[in-house]
Structures are given as C-alpha cells and as structure tokens.
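All chains, full assembly: derive it from the sequences and hints.
Number of protein chains: 2
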Amino acid sequence: MNNFQFYAPTDFVFGRDTQDRVADLVTRYGGHKVLLVYGGESAEKSGLIKRVTGKLAEKNIEWSVLKGIRPNPTDDRVYEGIAIVKRDDIDFILAVGGGSVIDTAKAIALGALYGGDFWDFYCGKAKPEAALPVGVVLTIPAAGSEGSPNSVITKIDGLHKLSYRSLLTRPKFAIMNPELTMTLPWFQTACGVVDMLCHIFERYFSNTPAQLVNAYSEAIMRDVMDQALTLRVRPDDYEARADVMWAGTLAHNGLCGVGKEEDWATHRMEHEVSAIYNVAHGAGLACIAPAWMTFVAKRNPDMVWKFAINVMSVNPAGKDTNRIIAEGIKALKDFYHDLGLTTSLTELIGKEPDIDALVKSLEGNMGKTLGAYVPLSMEDCREIYRLAL
Amino acid sequence: MNNFQFYAPTDFVFGRDTQDRVADLVTRYGGHKVLLVYGGESAEKSGLIKRVTGKLAEKNIEWSVLKGIRPNPTDDRVYEGIAIVKRDDIDFILAVGGGSVIDTAKAIALGALYGGDFWDFYCGKAKPEAALPVGVVLTIPAAGSEGSPNSVITKIDGLHKLSYRSLLTRPKFAIMNPELTMTLPWFQTACGVVDMLCHIFERYFSNTPAQLVNAYSEAIMRDVMDQALTLRVRPDDYEARADVMWAGTLAHNGLCGVGKEEDWATHRMEHEVSAIYNVAHGAGLACIAPAWMTFVAKRNPDMVWKFAINVMSVNPAGKDTNRIIAEGIKALKDFYHDLGLTTSLTELIGKEPDIDALVKSLEGNMGKTLGAYVPLSMEDCREIYRLAL
Chain V
183 MNNFQFYAPT
193 DFVFGRDTQD
203 RVADLVTRYG
213 GHKVLLVYGG
223 ESAEKSGLIK
233 RVTGKLAEKN
243 IEWSVLKGIR
253 PNPTDDRVYE
263 GIAIVKRDDI
273 DFILAVGGGS
283 VIDTAKAIAL
293 GALYGGDFWD
303 FYCGKAKPEA
313 ALPVGVVLTI
323 PAAGSEGSPN
333 SVITKIDGLH
343 KLSYRSLLTR
353 PKFAIMNPEL
363 TMTLPWFQTA
373 CGVVDMLCHI
383 FERYFSNTPA
393 QLVNAYSEAI
403 MRDVMDQALT
413 LRVRPDDYEA
423 RADVMWAGTL
433 AHNGLCGVGK
443 EEDWATHRME
453 HEVSAIYNVA
463 HGAGLACIAP
473 AWMTFVAKRN
483 PDMVWKFAIN
493 VMSVNPAGKD
503 TNRIIAEGIK
513 ALKDFYHDLG
523 LTTSLTELIG
533 KEPDIDALVK
543 SLEGNMGKTL
553 GAYVPLSMED
563 CREIYRLAL
Chain Y
183 MNNFQFYAPT
193 DFVFGRDTQD
203 RVADLVTRYG
213 GHKVLLVYGG
223 ESAEKSGLIK
233 RVTGKLAEKN
243 IEWSVLKGIR
253 PNPTDDRVYE
263 GIAIVKRDDI
273 DFILAVGGGS
283 VIDTAKAIAL
293 GALYGGDFWD
303 FYCGKAKPEA
313 ALPVGVVLTI
323 PAAGSEGSPN
333 SVITKIDGLH
343 KLSYRSLLTR
353 PKFAIMNPEL
363 TMTLPWFQTA
373 CGVVDMLCHI
383 FERYFSNTPA
393 QLVNAYSEAI
403 MRDVMDQALT
413 LRVRPDDYEA
423 RADVMWAGTL
433 AHNGLCGVGK
443 EEDWATHRME
453 HEVSAIYNVA
463 HGAGLACIAP
473 AWMTFVAKRN
483 PDMVWKFAIN
493 VMSVNPAGKD
503 TNRIIAEGIK
513 ALKDFYHDLG
523 LTTSLTELIG
533 KEPDIDALVK
543 SLEGNMGKTL
553 GAYVPLSMED
563 CREIYRLAL
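Chains as they are written, first to last, in our numbering: chain V, 183 to 571; chain Y, 183 to 571.
Be aware that one or more of the hints could be misleading.
Note that the list lumps identical chains together, so a pair holds whenever it fits in one copy or between two copies.
[What the hints assert, rightly or not] Under the rule of at most 30 Å between Cα atoms (straight-line distance), these lysine-lysine pairs were calculated in the DSSO-like manner:
id	residue 1	residue 2
1	Lys307	Lys501
2	Lys237	Lys309
3	Lys268	Lys237
4	Lys249	Lys232
5	Lys550	Lys249
6	Lys309	Lys241
7	Lys550	Lys232
Keep in mind that the hints were calculated from the coordinates and are not lab data.
Computed from a predicted structure; not experimentally measured.
Now the structure itself:
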C-alpha cells in the first residue's frame with residue numbers, strides 16, 4: 183500500500199424524501215442565493231424542481247436557474263453559469279441531476295471566483311485558490327460526482343473532453359433519494375452501472391499490493407452487478423436502487439483507490455469516443471473496458487485473472503490462466519449484453535469509428551502514453567480501439 | 183436500507199513517516215497552542231513524542247502535556263486536561279496514542295468549552311454546542327476513535343463506563359503510520375483486532391436489509407482476520423499492518439453501519455466487565471461476542487448463519503442451520519485462540535466474575551433492555567454472561 187491522503191468531507195443525506203431537506207442543507211453550508219443547475223425536462227415533469235424550489239422559497243432562499251445541461255457537458259454552459267453568478271450575486275451552486283449537471287456546477291463554482299478563463303484549470307494552466315460551495319440533489323447514480331472532487335467538461339472548440347480534480351469542489355452535501363432514480367429510462371440506469379463499475383476498475387487494476395482495498399472493491403463490484411440484474415426485471419426495487427446509488431458514490435469518492443496507483447486509460451480512451459461521437463459515456467465504456475482488459479492481460483495477467491475469479495465468479499478448477507481470463511472477460515461482456523448494451527463501438531456509433539481521429543485526439547490531450555497497470559503507447563491504444571470495434 | 187446521514191470529515195493522512203506532517207496539519211485545522219495527550223512510556227521511548235514535539239517546535243506551535251492516560255480512561259484525567267486547557271489558553275487537542283488517549287482528548291475537547299461538568303454529556307443530561315478541534319497521531323489500531331464521533335470514559339465514582347457520540351469531536355485529522363504499530367506488544371495488536379471486528383459485528387448483526395453494506399463488511403472482516411494471522415507470525419509485515427490499521431478506521435467510521443439498525447449489546451455488556459475488572463476491552467469482547475452469538479442465534483439465526491458461511495468460511499453443504507452456526511462460532515473462538523486470547527471470562531479475570539454485580543451495573547447504566555438484532559432482557563444478559571464464563 184502506498185502512502186495516501188483520504189479526505190471526503192461530503193455530508194451524505196440518503197433515503198426516502200430526503201430532497202425535502204435541501205433548504206436546511208443549503209443554509210447549513212452557507213448558501214443565501216443559489217444558482218440552481220439542472221438538465222432536461224424530466225426533473226421538471228417529475229415535480230422535483232418544484233419540490234426543491236418550494237423548499238428554498240419556504241426558507242426565503244432566492245435562486246437563479248441554469249437549465250438544459252446535456253450529457254457530455256460543454257464549456258458554453260459553464261460560461262453562461264459564471265455570468266449568472268456574477269450578475270445575481272450567487273453564493274451557492276445547487277446541482278439537481280446526474281454527473282453532467284454536477285460537473286457543470288463544479289466548473290461554475292471554480293470559474294466564478296477566478297479572474298481568468300475557467301478552462302485554465304482543466305488544461306493545466308492554472309490552479310484554483312477558491313470555489314463557491316456546491317450542493318447536490320442526485321437523480322442519476324453513475325458518475326459519482328456527488329462525492330468526488332472530479333469534474334469533466336468538453337470544450338466545444340476542438341472537442342477537448344478533459345477532467346479536473348480539486349478538493350475545493352467536493353460537494354458540501356449530497357442528497358440521495360433512491361426513489362428519484364426509479365423512473366430513469368433503463369438505458370440511463372444501465373450506463374450508470376457501467377460507469378460506476380469502471381470507476382472501480384480504474385483503481386482495481388493496479389500493481390500496488392492492496393489486499394483489503396481489493397477485497398472490499400470486489401464486494402462492491404459483485405453487488406452492483408447483482409443489483410443491476412435485479413433492476414432489469416424490477417426497476418422499482420428500492421433495495422437494489424439504494425445499493426446501486428450508494429455504490430456509485432463509493433466507486434468514485436476515493437475509498438476504492440486509497441494507497442493504490444490508479445490507471446484511468448479506459449476512461450481517457452472513452453472520453454475521445456464520447457467527445458467526437460457524442461455517445462453516452464457508460465455505453466462507450468462498455469465497449470472499451472473489455473477490449474482494454476483483453477489487451478493488458480497479455481502483458482500483465484495478474485489482476486485480470488483475479489477479477490475473473492473474484493468478481494466474475496469464474497470457477498478456476500482445471501483451467502489455465504488464459505482460459506480463466508477469457509471466461510472472465512466474456513462474462514463481463516455477457517453482463518453488459520444482459521443490461522441491453524452493446525460491446526461493439528461500430529454498433530454503438532452506427533458505423534466504424536475513425537480510429538486515426540480518436541488516437542490523434544487522445545495524443546493531443548494525453549501525450550504519448552497513458553495508463554499505469556500497463557503503460558500504453560498510442561499504438562497500443564490503436565489496437566485497443568480495434569479490439570473494441 | 184433505512185434512511186441515513188453519513189458525514190465523515192476527517193482528513194486521513196496514511197503511510198510511512200506521515201507523523202512528520204503533524205505541525206502542518208495542526209496549523210491547517212486552526213491550532214496555535216496544543217494540549218498534547220498521550221499514554222505510557224512507549225511513545226516517549228520510541229522517540230515518537232520527541233519527533234512530534236520537534237515538528238511542533240519548528241512551526242513555533244507551543245504545547246502543554248497531559249500524559250499517562252491508561253486503558254479504560256477515567257474522568258479524573260479529563261478534568262485535569264480541561265484545567266490545563268483553561269490555564270494555558272489551549273486551542274487544539276492533539277492525541278498521540280490509541281483509543282483511550284483519543285477518547286480522553288475528545289472528552290477534554292467537549293468539556294473545555296462547556297460551563298458545566300463534561301460528564302453531563304455522557305450521562306445524557308446535556309448536549310454540547312461546541313468543542314475544541316482534535317487531531318490524532320494513531321499508534322494502536324483498535325477503537326477506530328481516530329475516525330469516529332464516539333468516545334468512552336469511565337467515571338471512577340461508581341465505575342460507570344459510558345459512551346458519547348458527537349459530530350463535534352470527529353477528529354479533524356488522523357495521521358496513521360502502520361510502522362508505528364510494529365512494536366506493539368502482541369496482546370495489544372490482538373485486542374485491537376478483536377475490537378475492530380466487534381465494531382463491525384455490532385452493525386452487521388441487524389434485521390435491516392443491507393446487501394451492499396453486508397458484502398463490503400464481510401470483505402473487511404475476512405481481510406482483518408487473515409492479516410491478523412499474518413501478523414501473528416510476521417509482526418513487521420507492512421501490508422498486514424496497513425490493512426489492519428485502515429480496517430480499524432472503516433470498522434467504526436460509520437461506513438459499515440449506513441442505513442442499518444445497529445446493536446451494541448456486546449460492547450455494552452463488555453463495558454461492565456472492563457469497568458469492574460479493568461481488563462482490556464478487546465480481551466473482554468473475545469469472551470462476550472461468541473457467547474452473545476450463541477444466545478441470539480436461538481431466537482434469530484439468519485445473520486449468524488450468514489456470518490458463519492460468508493465470514494468464517496463454513497462450508498454449508500449437507501449441514502443444517504444449527505450445525506452451520508455452531509461451526510461458525512467455533513471457528514470464531516478458534517480464531518481468538520489463535521491470536522492467543524481466551525474466550526472464557528473466568529480465565530481472563532482469574533476468577534469467576536460476579537454476574538449479579540455485572541447485571542446490576544448494566545441495568546443501572548442501560549435500563550431494562552439492550553440490543554436490537556435480538557432485544558435482550560436483563561435475564562438474557564445474565565445468561566450471556568454465564569455462557570461466557
């Protein structure tokens with residue numbers, strides 16, 4: 183285990199009807215005038231926005247609105263949010279939604295207190311010294327952004343999709359009511375499950391010894407897969423919704439990566455796909471992750487072998503390493519198929535993707551190599567994209 | 183899963199040489215003048231106190247000292263600490279040690295800003311509105327107090343051993359260097375392992391459905407047992423020390439209890455034993471826990487059966503529930519014996535304990551019933567003490 187620092191000071195308020203505590207929590211964490219950020223019409227139609235603003239009104243908390251945030255959120259909405267914050271003297275950003283909404287809220291929180299362009303942080307030109315507080319009412323368990331210091335924004339000019347990590351933007355609170363996720367379209371639930379699993383993969387596949395962290399990571403992965411299959415047949419199963427929601431937070435709040443060298447090659451390769459082809463992040467990961475595993479297992483089989491046995495429940499008796507690994511990856515693909523997702527980029531995009539363009543953009547954003555479990559050259563990444571076709 | 187709030191804002195700084203960051207962390211969390219609380223001579227002999235105070239001196243942080251805190255810490259030292267805080271204008275309490283030291287530091291932190299007697303909080307007469315910040319350099323992985331809001335203090339007058347829980351006293355930071363635990367006497371390592379396992383037991387044995395939380399709790403319990411047996415033969419195994427140390431925190435920071443009704447009968451019954459006979463808390467738990475499981479399994483077998491299979495690795499094939507449970511409890515006792523501990527109160531104390539006195543004191547502190555997985559009457563508790571003889 184490597185040395186680590188783990189500091190996760192988000193106040194998680196979890197369970198039925200917890201959205202009714204939003205105004206108390208905004209007040210507790212210093213908000214007086216709120217920028218309410220949310221996505222499409224579903225949050226309005228379900229009555230959630232009305233319920234949240236009703237609670238704000240009861241406490242005489244004023245709010246402005248930035249709505250219509252889309253998946254793979256873009257810099258233009260961040261600039262728009264920053265302008266509203268300055269215009270309306272906002273002191274608190276409240277995200278009601280999933281990862282795209284929360285990530286937009288975080289970027290606004292960083293940019294609003296900075297003299298320059300918020301993109302400076304994402305492209306590594308500057309480090310923030312302060313941020314507005316962010317609070318969350320989570321509606322899509324997936325990105326784990328409600329409990330993480332990370333956010334991912336796409337710059338429309340050049341389609342750069344970049345991630346930035348700052349302790350300043352760990353949400354002050356996250357309200358998590360599993361009931362709010364029961365009406366999600368199945369595709370969003372499925373993509374969320376793929377995303378949270380991959381957040382654990384990026385930490386699990388590591389060369390750092392980590393018996394305890396691996397053990398609880400495996401337990402969380404097995405449970406998420408099991409509960410996802412429950413939800414496929416019973417989308418309103420509260421226990422399964424609750425497990426998936428809490429697992430999504432644990433997958434990305436840092437707990438599964440303490441003391442380990444992390445990888446993140448799969449995420450970075452997928453970011454190119456979703457930036458260029460605007461597919462759902464989770465759907466892209468379902469194609470890239472098994473291809474990545476297939477490729478890295480040839481150079482460094484240990485953790486892929488362990489994953490096959492301990493997570494995908496491959497019975498190792500009488501089988502050699504290669505067969506165990508092949509069965510494990512097949513079982514993972516079968517699981518994605520059971521969720522109704524494809525593991526083929528060609529099928530996902532509707533045509534064969536332009537691998538040259540993907541690799542070129544990847545190199546532009548990431549340089550010559552990426553990953554840690556197996557460090558990948560751009561030629562290796564090209565091969566992984568091919569395996570994912 | 184029940185509704186829950188999980189807020190664990192302790193800054194964990196984990197790994198080799200991390201004690202050298204103590205002064206930076208005291209400063210970051212607002213300390214200027216420190217009360218340094220520690221235990222016996224081992225912290226001085228090892229050079230740890232000198233190393234910590236050297237770092238404080240480098241940053242011009244002044245300190246006063248309260249030393250000689252013993253296991254099952256008592257109220258007299260708390261009063262003494264509060265007097266020093268007032269005399270020397272202390273604004274930060276720094277605990278260097280294990281649970282007893284940290285719990286004393288927390289009680290001082292609460293009492294120092296209160297006009298009345300700090301014991302009012304422990305016996306339920308008053309609620310605190312503020313506390314001084316507490317920081318920790320952990321030397322004994324066991325109580326989990328470094329990441330918990332809890333503290334346990336014994337009032338010498340009447341030998342009342344009571345626990346109090348306040349978010350105000352969650353430590354601001356916890357420095358955790360597994361190397362500092364390599365020279366612990368084996369008995370302390372063993373008692374620590376028993377204590378942290380029991381912190382999970384108190385949450386695991388519950389009637390609340392909790393598939394995900396149970397799954398990662400089981401993974402942590404299995405790993406602690408495995409690494410404890412490694413340490414029995416290789417006490418300087420860094421990975422095993424690190425796992426046991428991190429597990430001790432996770433066992434009691436609330437993560438293993440989210441959304442569950444907790445029990446705590448075993449702890450409360452043990453508190454009477456250690457208060458009256460001044461035995462080590464972990465050593466007492468090794469006697470009470472298997473007796474408690476034996477008793478409750480007759481009324482509510484489900485989780486004891488699950489524990490036997492999923493944690494103690496009993497192979498259920500061809501066995502009925504009673505046999506699986508019996509084998510699971512036997513395996514737990516065998517594990518304690520492998521650690522060199524007894525599971526007999528009579529052997530631990532050196533004579534048969536006075537069960538009437540234990541039950542009388544328990545009733546005085548707790549009332550007519552305790553526990554939740556199986557609610558226990560005082561007659562039930564008497565029977566459990568008998569089973570533990």
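Here's how the hints hold up against the structure:
no., hint, in the structure
1, Lys307 / Lys501, "neither (51 Å within a copy, 65 Å between copies)"
2, Lys237 / Lys309, "between (35 Å within a copy, 28 Å between copies)"
3, Lys268 / Lys237, "within (24 Å within a copy, 43 Å between copies)"
4, Lys249 / Lys232, "within (14 Å within a copy, 57 Å between copies)"
5, Lys550 / Lys249, "neither (38 Å within a copy, 56 Å between copies)"
6, Lys309 / Lys241, "between (35 Å within a copy, 26 Å between copies)"
7, Lys550 / Lys232, "neither (49 Å within a copy, 47 Å between copies)"
The earlier numbered hints that this structure contradicts are 1, 5, 7.
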